[in-house]
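**Student:** Produce the entire structure from the sequences given, and follow the hints as far as they go.
Okay, here's what each chain looks like letter by letter:
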Amino acid sequence: VIRIQSIEIEEFRGIRHLQIDLKGENFGICGPNGTGKSGVVDAIEFVLTGAVTRLSGTGSGDVSLKAHGPHVDSRDKPQSSRVMVKVFAPSLKKEFAIERTVANATNAVVTPDEPELRQIVEELAKHPEFALSRREIVKYIITPAGKRSIDVQTLLRLDQIGEVRAALQSVANKRKREAASADTEDSAARADFLDHLGISTFSEAELLKAVNQRRKILQAEPIVDFKVDTSLKAGITVAEKIKGGAPTVSREPALKSIEGFKNNCEALVGVELAKHRSLANGYLQQLTSDPATLRSFRQQVLIEQGLALLGEDECPLCDTAWDVEALREHLEKKRNAASNVKQLLSSLSNSIDPIIESYDHVVSGAQALLPIIKVAKPAVDIEHLRGFINTLKAQRSVLSMAKNDPSAVDGAIGALTDDHWIVPGVADAAMNSLRAFVEGLPEPSKEESAREFLILAQEKYEKCRDRAARKEHAEAESALAKKISDTYGASSTSVLESIYDSVEEDFTAFYRIINEDDEKQFVGELSTPSPAKLALNVDFYGRGKFPPGAYHSEGHQDGMGLCLYLALMKRTLGPGFCFAVLDDVLMSVDSGHRRAVCSLLKSKFPETQFILTTHDPVWLEYMRTEKLLEKHLSFSGWSVDSGPLVWTDGNVWNQIDELLLKNDVSGAAAKLRRYLEYVGTTLCSNFRASVEYQSNGQYDFGDLIPAAFRAFKDQLNLAKASAKKWGQSTVAIEAVQTDINAKIAKTFAEQWAMNKAVHFNPWANMQSKEFAAVAIAFKDALSAMQCAQPKCGQFLRVSPRKGAEETFACGCGATTYNLKLK
Amino acid sequence: VAKPEKPPKQLPPTVAMVFEDFFQRLEKEPDFDKEVLDRLKGCLAEKQQFDADSLGEALKLPKKAST
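Taken in order, these protein sequences are the chains called A and B. Sequential numbering of the first sequence, starting at 1, is according to my numbering. Sequential numbering of the second sequence, starting at 823, is according to my numbering.
Treat the hints as calculated values from the structure; they're not laboratory data. There could be a bad hint or two in this list.
[To be verified] Here are some of the chain B residues that sit facing chain A, going by a computed Cβ distance under 7 Å:
hint: 1; residue: Arg861
hint: 2; residue: Gly864
hint: 3; residue: Leu877
hint: 4; residue: Leu881
[Stated by the list, open to error] Derived lysine to any residue pairs resembling SDA-like cross-links, with alpha carbons at most 25 Å apart:
hint: 5; chain 1: A; residue 1: Lys176; chain 2: B; residue 2: Asp875
hint: 6; chain 1: B; residue 1: Lys885; chain 2: A; residue 2: Ser231
hint: 7; chain 1: A; residue 1: Lys216; chain 2: A; residue 2: Ile199
hint: 8; chain 1: A; residue 1: Lys713; chain 2: A; residue 2: Asn818
hint: 9; chain 1: B; residue 1: Lys885; chain 2: A; residue 2: Ser553
hint: 10; chain 1: A; residue 1: Lys23; chain 2: A; residue 2: Asn818
hint: 11; chain 1: B; residue 1: Lys882; chain 2: A; residue 2: Asn818
hint: 12; chain 1: B; residue 1: Lys886; chain 2: A; residue 2: Ala180
hint: 13; chain 1: A; residue 1: Lys174; chain 2: B; residue 2: Pro834
hint: 14; chain 1: A; residue 1: Lys483; chain 2: B; residue 2: Asp843
hint: 15; chain 1: A; residue 1: Lys374; chain 2: A; residue 2: Ala429
hint: 16; chain 1: A; residue 1: Lys533; chain 2: B; residue 2: Lys885
hint: 17; chain 1: A; residue 1: Lys147; chain 2: A; residue 2: Arg328
hint: 18; chain 1: A; residue 1: Lys520; chain 2: A; residue 2: Ser553
hint: 19; chain 1: A; residue 1: Lys602; chain 2: A; residue 2: Gly24
hint: 20; chain 1: B; residue 1: Lys863; chain 2: A; residue 2: Lys713
hint: 21; chain 1: B; residue 1: Lys882; chain 2: A; residue 2: Leu480
hint: 22; chain 1: A; residue 1: Lys403; chain 2: A; residue 2: Leu273
hint: 23; chain 1: A; residue 1: Lys94; chain 2: A; residue 2: Ser6
hint: 24; chain 1: A; residue 1: Lys483; chain 2: B; residue 2: Lys886
hint: 25; chain 1: A; residue 1: Lys176; chain 2: B; residue 2: Glu879
[What the hints assert, rightly or not] Here are a few chain A residues that sit away from chain B, every Cβ distance over 12 Å (derived from the structure):
hint: 26; residue: Arg118
hint: 27; residue: Pro128
hint: 28; residue: Ser170
hint: 29; residue: Asn173
hint: 30; residue: Lys174
hint: 31; residue: Ala267
hint: 32; residue: Gln367
hint: 33; residue: Ala394
hint: 34; residue: Val495
hint: 35; residue: Arg543
All C-beta atoms, glycine included, are put in the ideal place defined by N, C-alpha and C.
**Tutor:** In structure tokens:
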């Protein structure tokens, strides 16, 4: 899409002002932690997307781009917090600028403002994945299969595929629940109908037998051929019933209902329920008296609800896929951990349930009284009875809730301690009136009973038909939704698998390049155990395939993360993958594999501009040696006032000269010291110097520079010995030795090793002229250790890094000494 | 005057590929309800509605009389 030519950052994050000239090429930024490297990465992400991942999303807390994007001293001036990049679009062969301020982060200023350039900027904003930190890269490796599927699909711009899959699964789940509910209603209606007919299983003969028995009493024609639309009450009308004036309630059953209701009401005030109330009240008091118990109760309720919802393969709220068994195990473990509360809740339930049950008996008994109340003469005033029943219903609900809802506990205590369960006297009087009415009723005739039976049978039959039709419809919709969901799952799996196959192939090939020394047979395998999951298993030295975190080291996992990222980007952007920022992503890759990483990036992605940050100068040196990059910046430190302390080793001498021109010896001395400490690590590594080990990893130039100089001399001695052994001339080597010895001597560096106390820092008391001589001495000494070719200019390096030395050479090979002694 | 509807955005190629494969599989299903298929195409490919409510609406069947 683009290549970055230059970047200018002002008052952004920890940076006051920084200009970097990348010229569209790979670029390295090196510096210890906390020197501002990631600030540059943030700035690039910000100018290209209008956002900074580190300042948003999970884990960012109260931090935001608007409030915390500007430098801390410019936090009230977001308009001055600005990043501008000049970029080149290879597809259009055009150069243009993109600029954003924190004050107006969402609107990039594109210059020149042309539609095709603006389109590129809009496209870039959709791809924040071009900038990647180690934390982000490892997420593709060390992550559950369900989460990996989401992350990878997001990266591959496949989120809509998952979105549709989740929606269709959600529809299928809903339809399944509806079908189950329709089935329950159908069964209930069928059972009710059979119960009314007095038969246990449905058969046409049994049905007709029961119906025709009643029809015969009414002298109606028997039904001989039962069809779907046959009316069981054909010839029997409601009007006839009214005309007859017969009572619609039968005396004996009505008396039975009234007696049952009374008994149920008496049970409410009985000893048994009083005992349960007392126990339940005690348990509820225990819950409220101890906040920890109450909190545990809340957790238990949540866990129970979670367990109840575990039937599906995904969260019912957000449709995120989960491993049902693992989650169930986790929740059950948590539930069992709070056994005290569990026991208390179980006891509470055992004491509340009988109370609820007795309330239900009273309420359903009252329902049975309604037809009697309706025809009672004189009319019975049931207001108080209704009030009593409503109170029971309300208190039943409160008691029931208290078993599962901590917020209902107080209400339940009230429901157990008042006397709402005592039937009011006026309601009792109404019941007596009702009983008197029923006792005065004549027994219904056989004809009336038969008529009532047929009318009710027809009603129940129609209800059966309706519920059967609803069930059939719900089952058809459920089957359709399942078919659609399954078919879509098969389609998406098939297409995604073909994509994952190509990613898997590249991932394997890339990883083999990095680890060709010991994992030539490595195979990575991406598979989809279910549509919502993406499993990654990798070969471990031919012992089988395992998840990446199982046996591979952190360094290998970092390498896998990079390889998978590169394979995914290649699949997503194809030739459009021409820019990536890798922020310290390979910090734990061991030295043996660093060159291979450079080789991978260089050979497989020659058209991609990489901006790589590292806190390890040796790593940077590898990148330069392997010609992955030429240009780089080194950050030596950072201060809140000045931001990163930056130099390139190409101009450090000019910077020192400039400071000396201003008579700033102290500044020049500090710069030289920092530079020598920076370059010292590279030299010691390159020359295989022996340095006294410091457990804190902190080495000053007194530790590094003399050791590096000694090692350089040692390697030249070895080169001379080797030349002699091979019968070659040693004149040239001796000339170099003479030259370097003189130059090193001029630096007085070796004295520091003997007396480290003096190096802090006699230079600061020098005059400009005196210090200039010191700086020149170091410049000359260091130059003598580099390749003289302007295009190379690399410090010489011993190869291999371990074991018997073979060569001492620069990257281009123009300066090469043989170190082998036959 | 009602605003003309915006033309749908182009689907990412892989997403379009999945939809295409999905519709083809349904078309090959014997006796698959063509109206349902048309509604699904309208919802996914044309209107690009990927939510459960819209898809649920597309998957509704006409109610039949009691049997």
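**Student:** Measuring Cβ to Cβ, find out whether Ala394 of chain A lies farther than 12 Å from everything in chain B.
**Tutor:** holds (35 Å)
**Student:** Between the alpha carbons of Lys216 of chain A and Ile199 of chain A, is the straight-line distance 25 Å or under?
**Tutor:** holds (19 Å)
**Student:** May I ask you to check that Arg543 of chain A keeps its beta-carbon over 12 Å from the closest beta-carbon of chain B?
**Tutor:** holds (35 Å)
**Student:** Decide if the proposed pair is consistent with the structure: Lys602 of chain A and Gly24 of chain A, CA atoms, cutoff 25 Å inclusive.
**Tutor:** holds (15 Å)
**Student:** Taking only the CA atoms, is the gap from Lys483 of chain A to Lys886 of chain B under or equal to 25 Å?
**Tutor:** Status holds; Cα separation ~20 Å.
**Student:** Is Lys882 of chain B within 25 Å of Leu480 of chain A, Cα to Cα?
**Tutor:** holds (9 Å)
**Student:** Compare the distance between the alpha carbons of Lys174 of chain A and Pro834 of chain B with 25 Å, and conclude whether the hinted pair is satisfied.
**Tutor:** violated (29 Å)
**Student:** For Asn173 of chain A, is the shortest CB-to-CB distance to chain B above 12 Å, so the non-interface label stands?
**Tutor:** violated (9 Å)
**Student:** Would the hint linking Lys863 of chain B and Lys713 of chain A be met if the CA-CA limit is 25 Å?
**Tutor:** violated (77 Å)
**Student:** Check whether the Cα positions of Lys882 of chain B and Asn818 of chain A lie no farther apart than 25 Å.
**Tutor:** Measuring from Cα to Cα gives roughly 81 Å; hence the hint is violated.
**Student:** Check the hint pairing Lys176 of chain A with Glu879 of chain B against an upper bound of 25 Å on the C-alpha distance.
**Tutor:** Distance of about 15 Å is within 25 Å: holds.
**Student:** Sort out whether Ser553 of chain A lies within 25 Å of Lys520 of chain A, counting only the CA atoms.
**Tutor:** This hinted pair holds, its Cα atoms lying about 17 Å apart.
In this structure, the hints that do not hold are numbers 1, 2, 9, 10, 11, 13, 16, 20, 28, 29, 30 and 34, in rising order.
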